[in-house]
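Asks: Here is what each chain is made of, one letter per residue.
There are 2 protein chains.
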Amino acid sequence: MQIKIICGQIEVTPGRPDLNFPKILAAIDKARTQKADILLLPEMCVPGYLIGDLWEQETYLDDCEYYNNEIIKASKDICVMFGSVAREVGKLNEDGRVRKYNAAFAAQNGKVVAGYWGHDYVIKTSMPNYREFDDYRHFYSLTKLCAEEGHDVVDALQPLSINIRGEEIRIGLMLCEDGWTENYYLNVPQTLAKHGAQLLCNLSCSPYTLGKNRKRNRLFSAQAKEAGVPLVYCNNVGIQNNGKNIFTYDGCSSVYNSTGELITSAEMYADTFLEFTVDTTDGSISAPTTVAALPEEPESVYKAIRYGTDKFLKQCGIKKMTIGLSGGIDSAVTAAMYADILGPENVLLLNLPSQYNSETTKNLAYQLAKSLGANYGVIPISQSFEHTVEQLTTTPITNLGSGQSFTLELSTLVKENIQARDRGARIIAAASAAFGGAFSCNSNKAETSVGYATFYGDICGALAMLGDIWKHQVYALGKYLNEVIFQREVIPAEIFTIRPSAELSDAQTVGKGGDPLVYPYHDYLLRSFIENWHKTTPADVLRWYKAGTLAKELGCEEKIIDEIFPTAADFIADVERWWRLFAGFSVAKRIQAPPILSITKRSFGYDHREAQLTPYFSREFYQLKEELLNK
Amino acid sequence: MQIKIICGQIEVTPGRPDLNFPKILAAIDKARTQKADILLLPEMCVPGYLIGDLWEQETYLDDCEYYNNEIIKASKDICVMFGSVAREVGKLNEDGRVRKYNAAFAAQNGKVVAGYWGHDYVIKTSMPNYREFDDYRHFYSLTKLCAEEGHDVVDALQPLSINIRGEEIRIGLMLCEDGWTENYYLNVPQTLAKHGAQLLCNLSCSPYTLGKNRKRNRLFSAQAKEAGVPLVYCNNVGIQNNGKNIFTYDGCSSVYNSTGELITSAEMYADTFLEFTVDTTDGSISAPTTVAALPEEPESVYKAIRYGTDKFLKQCGIKKMTIGLSGGIDSAVTAAMYADILGPENVLLLNLPSQYNSETTKNLAYQLAKSLGANYGVIPISQSFEHTVEQLTTTPITNLGSGQSFTLELSTLVKENIQARDRGARIIAAASAAFGGAFSCNSNKAETSVGYATFYGDICGALAMLGDIWKHQVYALGKYLNEVIFQREVIPAEIFTIRPSAELSDAQTVGKGGDPLVYPYHDYLLRSFIENWHKTTPADVLRWYKAGTLAKELGCEEKIIDEIFPTAADFIADVERWWRLFAGFSVAKRIQAPPILSITKRSFGYDHREAQLTPYFSREFYQLKEELLNK
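Quick note, the sequences are listed as chains A and B, same order.
All letters in the first sequence, in the order written, are residues 302 to 932 by this note's numbering.
All letters in the second sequence, in the order written, are residues 302 to 932 by this note's numbering.
Take these hints with a grain of salt, some might be off.
Identical copies look the same in the list; a pair holds intra-copy or inter-copy alike.
To be verified - Computed list of lysine-lysine pairs in BS3-like fashion (alpha-carbon distance at most 30 angstroms, straight line): (1) K890 - K902; (2) K324 - K926; (3) K620 - K890; (4) K663 - K716; (5) K392 - K513; (6) K902 - K401; (7) K890 - K604; (8) K902 - K663; (9) K716 - K890.
These are computed hints drawn from the structure, not numbers from a lab.
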């Protein structure tokens with residue numbers, strides 16, 4: 302028999318079961334109209350997934366339960382499988398709150414058709430607790446439940462028998478991480494297949510990460526092949542966040558046949574249906590659509606940032622954005638992205654020059670604003686800066702114990718930061734409120750790594766759109782915007798070639814000096830500190846340097862390391878300098894930084910969790926340092 | 302036989318095994334000198350506990366392992382039991398990283414004397430995953446290990462047989478949460494006792510929380526009594542943080558005898574030893590010291606804030622603090638606390654008046670600074686404010702698409718925020734850097750709950766010392782400072798009686814108007830949203846209001862609710878107003894807020910995790926609202 306299945310790749314709004322429920326009902330109606338036998342819906346499509354500690358509100362769970370039941374009731378003439386929270390009153394989580402499961406419900410003709418031992422739903426077995434995931438914080442796993450009740454978890458992993466037009470089909474229903482079996486001692490999909498599943502269904506709420514779709518295709522394809530049955534992956538679209546990180550959900554729902562071939566997949570970020578048919582006699586798959594293209598960098602980065610930013614602004618009700626425009630690449634790309642998302646008429650670009658800003662960058666800022674057709678203003682900060690310096694250096698401070706007075710002295714660094722805060726906190730924050738909407742944080746990931754930015758100066762704004770991409774990715778995104786999106790040079794060519802500079806003092810001006818970060822090297826060094834699966838530390842860096850494998854390990858150009866660092870001493874001093882900042886003061890800055898749109902496999906925020914500590918250098922680091930310096 | 306045991310209530314520095322190791326060695330030497338048979342040391346005393354994702358650095362684990370082994374080697378003529386991380390190379394955590402356990406090591410004469418199935422240590426069974434705890438993120442539990450290896454976890458929970466001067470004593474060794482058995486299906490201490498433990502030892506890394514010591518005394522006392530054997534609780538001192546929250550560790554190591562009586566306890570926050578003797582024939586306990594007093598509020602709050610702030614400043618290398626002084630209670634208490642901690646000579650108090658500031662508050666600010674004998678300066682913001690308003694309202698903004706120009710208009714709210722940012726970001730941030738050190742965030746928990754503060758204006762600074770106490774607790778702390786700490790009126794009496802006001806516009810001035818929060822009610826309403834174990838939501842509030850039990854449920858005065866809200870409509874509108882802020886825009890503000898010193902059972906930050914969502918009102922809320930309005 303041919304069984305028609307639809308993946309409902311719907312947009313889920315976290316924290317709003319009242320908004321998700323009508324979307325789900327509409328999907329059920331539409332799937333029924335399209336004569337689907339089974340409608341699959343994503344994990345946690347009723348409550349949303351990343352909702353922080355909202356899980357501790359009993360009244361929130363009341364509503365989720367109510368909507369779960371309404372969805373079950375609506376499953377007339379169709380089988381609906383959907384992910385949601387299940388509450389088991391009378392049992393407790395280990396935190397003493399009511400027992401909750403990350404569950405998959407299967408319903409048909411108004412009744413549930415899944416479950417075991419008094420549970421009317423399938424319970425997630427593998428619970429992710431890395432990156433942004435906190436499953437154990439809120440949910441009880443199937444493994445724990447089985448241990449508690451004296452069952453073997455393997456016995457619990459049984460496929461559901463679903464009656465479709467008089468014929469039984471056995472479906473192995475699982476949730477997201479259950480399919481990412483690499484490091485769990487229990488292999489959920491293969492166990493379900495061994496127990497007779499004819500089709501594996503993975504309901505997911507899985508955020509976009511650069512490169513993850515290809516990894517999932519490899520992994521899920523291998524699973525289907527090993528199990529010898531088809532596998533379908535049903536994911537949602539939309540955005541969810543953990544406070545510090547905005548994650549995009551790219552959908553990309555996919556169907557793999559029993560030999561592991563990817564047969565069809567849904568378009569990235571589309572609120573859409575993916576339809577396919579399973580032949581129960583041989584498990585073969587047919588589908589009206591083929592595989593949707595997976596974009597490469599920088600297109601993939603553009604798509605994720607554009608989608609995520611657009612959705613985030615809509616969620617926050619932000620229709621206009623103000624951006625401080627320095628004439629450098631980060632603010633240029635940010636401005637072009639917002640013009641693309643909101644329309645240039647809703648973008649206010651402000652150039653805020655001091656005596657240290659060159660004609661070059663001021664002109665570049667204007668050219669960019671002009672080519673975008675955005676709103677543009679120039680507000681100098683010199684008078685305010687001078688007033689602040691004067692107030693601070695002439696106001697008498699009196700020690701009211703001794704009666705003695707003194708005045709404050711301002712170092713160059715203090716004066717640099719005064720300028721940055723004058724721009725961000727005095728002008729941009731107020732101008733953006735007056736213009737309507739919010740303002741942007743233009744920091745990239747390299748600056749964020751080492752805190753090369755000023756508290757309340759450029760570390761501020763509603764969203765750090767570029768906060769999870771490195772400087773070289775910012776340049777690539779800028780080129781992509783010119784070439785593909787705008788198809789003209791909206792970002793002036795010189796912005797790509799000028800040496801980056803903060804222009805905050807005589808030492809930091811265009812032409813004379815620039816950023817202390819040499820991006821073709823430091824982008825990759827800093828990336829290894831945060832993105833490497835086993836976090837790289839200075840000891841690793843010195844070990845690789847000594848072995849001559851550093852460039853290969855970091856993924857940067859071979860020659861650059863020797864070009865920048867004539868001696869091992871220079872090299873080591875540089876590693877120490879940035880590590881002290883990375884593991885030290887920059888953590889304090891990130892704690893107060895705006896949310897970051899997450900793109901890579903590890904973004905700053907609650908994806909990569911940090912305590913404020915004093916920087917640590919390991920024993921091996923000191924040994925290697927001594928060896929290298931004495932060589 | 303009499304066995305002498307010492308609890309080493311040492312200060313642990315998170316992220317610094319190099320600093321913890323010599324402290325541990327010194328403790329071993331000292332305990333040996335004092336002829337102790339057994340030295341107990343806290344959980345995770347080598348690596349620290351709250352170190353974020355530092356657990357993912359292999360080189361960090363290398364060093365922890367090295368120091369673990371060195372401590373084991375140092376256990377000559379003494380048995381040392383200490384908590385640390387154990388790494389099991391060749392096995393993986395579920396995240397694919399190397400397997401790590403939260404472990405307790407027991408060593409004697411240079412060798413380990415604990416363990417099972419190839420593990421030379423005791424593994425934590427109950428893993429906390431609520432509040433600031435992320436145990437499952439990093440550690441594999443004994444339960445999981447047993448499931449994986451096909452052992453019954455109950456069989457693994459065996460006491461250690463320790464030979465003391467020729468006689469065996471069986472010690473039930475466990476880690477922190479293992480003793481908080483309320484909601485775990487496995488009761489670790491009773492299982493150990495059933496298996497013959499003569500003494501239960503709980504090694505902990507347990508932060509201070511208001512009221513927790515009394516709860517632990519109840520719980521642990523009941524455990525000792527039920528088990529019929531003595532129980533010792535060994536906790537560390539110091540501070541640890543998760544980025545957003547600074548936790549203090551108060552020690553309070555305690556010994557309960559076999560009838561559940563608390564025999565002796567160590568002084569709060571003291572880096573000290575707690576000594577006692579167990580008689581192996583009858584399990585009786587004797588100790589040279591008695592039970593240390595547990596302070597009541599506000600003394601306990603004072604102690605925690607003072608200790609935590611002092612340690613945090615030392616860790617950050619901050620020796621001087623700048624505080625913006627408004628003449629209100631929050632900045633007054635903050636200033637007095639810093640004067641107490643750092644000495645008034647290291648405190649700079651700045652009064653930053655605009656046209657809206659009254660002579661009353663300006664005088665109060667001066668009086669306070671004078672009575673503290675701190676450094677004091679007055680820097681008006683009027684000129685800068687006017688300049689900002691002028692720049693923003695006269696600078697032409699040109700739409701470079703259409704060529705049309707316009708100017709911005711500033712609302713009252715925008716002008717209020719300009720003043721707040723002028724104080725915080727323009728003056729205080731710069732002045733504090735020039736003075737040396739950092740500046741303070743003076744927000745209390747009520748303001749933080751609803752975001753009654755300005756981004757980059759008063760939501761800024763190195764630490765929100767009062768960020769986890771409510772307005773009524775701030776007043777109580779202020780009184781305590783005057784009466785007990787300074788023993789004179791350092792905080793002028795009028796600061797306690799004046800109605801709080803932001804003094805940012807004509808409507809918000811002393812005498813004419815004040816804060817929109819009526820603290821004797823809103824303190825308690827907002828507290829229920831965050832601190833109630835089952836988070837209170839507007840539906841709960843309306844249900845209680847309808848039932849006439851609201852004041853009792855919130856813990857506020859009975860009459861105040863009817864005094865403030867003449868009608869149900871007024872009451873509901875107020876709940877809606879603050880809930881929209883609590884669950885809405887204030888989350889965005891908290892995401893960028895400074896770290897908070899944690900005091901209560903739930904503090905904003907990463908203790909209470911939040912996503913930026915749109916506020917949700919449940920179905921029951923709308924039903925109750927309709928009922929109440931139609932009554």
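Asks: Now look at each hint and say whether the structure bears it out.
Replies: Status of each hint after checking the structure:
1. Taking identical chains as interchangeable, the C-alpha atoms of K890 and K902 lie at most 30 angstroms apart whether they share a chain (21 angstroms) or sit on different chains (26 angstroms).
2. Only between protomers do K324 and K926 lie at most 30 angstroms apart by alpha-carbon distance; the minimum there is 26 angstroms, versus 60 angstroms within a single protomer.
3. In this homomeric assembly, K620 and K890 come within 30 angstroms of each other (Cα to Cα) both inside a single copy, at 28 angstroms, and across copies, at 19 angstroms.
4. With identical chains, the CA atoms of K663 and K716 are at most 30 angstroms apart both within one copy (21 angstroms) and between copies (28 angstroms).
5. Proximity of K392 and K513 under a CA criterion of 30 angstroms is satisfied inter-copy only: 24 angstroms between copies versus 37 angstroms inside one chain copy.
6. Taking identical chains as interchangeable, the C-alpha atoms of K902 and K401 lie at most 30 angstroms apart whether they share a chain (28 angstroms) or sit on different chains (22 angstroms).
7. Within a single copy, K890 and K604 get their C-alpha atoms as close as 28 angstroms, and across copies as close as 28 angstroms, so both meet the 30 angstroms cut-off.
8. Taking the closest pair of Cα atoms, K902 and K663 never come within 30 angstroms of each other, the shortest separation being 36 angstroms inside a single copy and 52 angstroms across copies.
9. For the identical chains of this complex, K716 and K890 are neighbours both inside a copy (19 angstroms) and across copies (27 angstroms), given an alpha-carbon limit of 30 angstroms.
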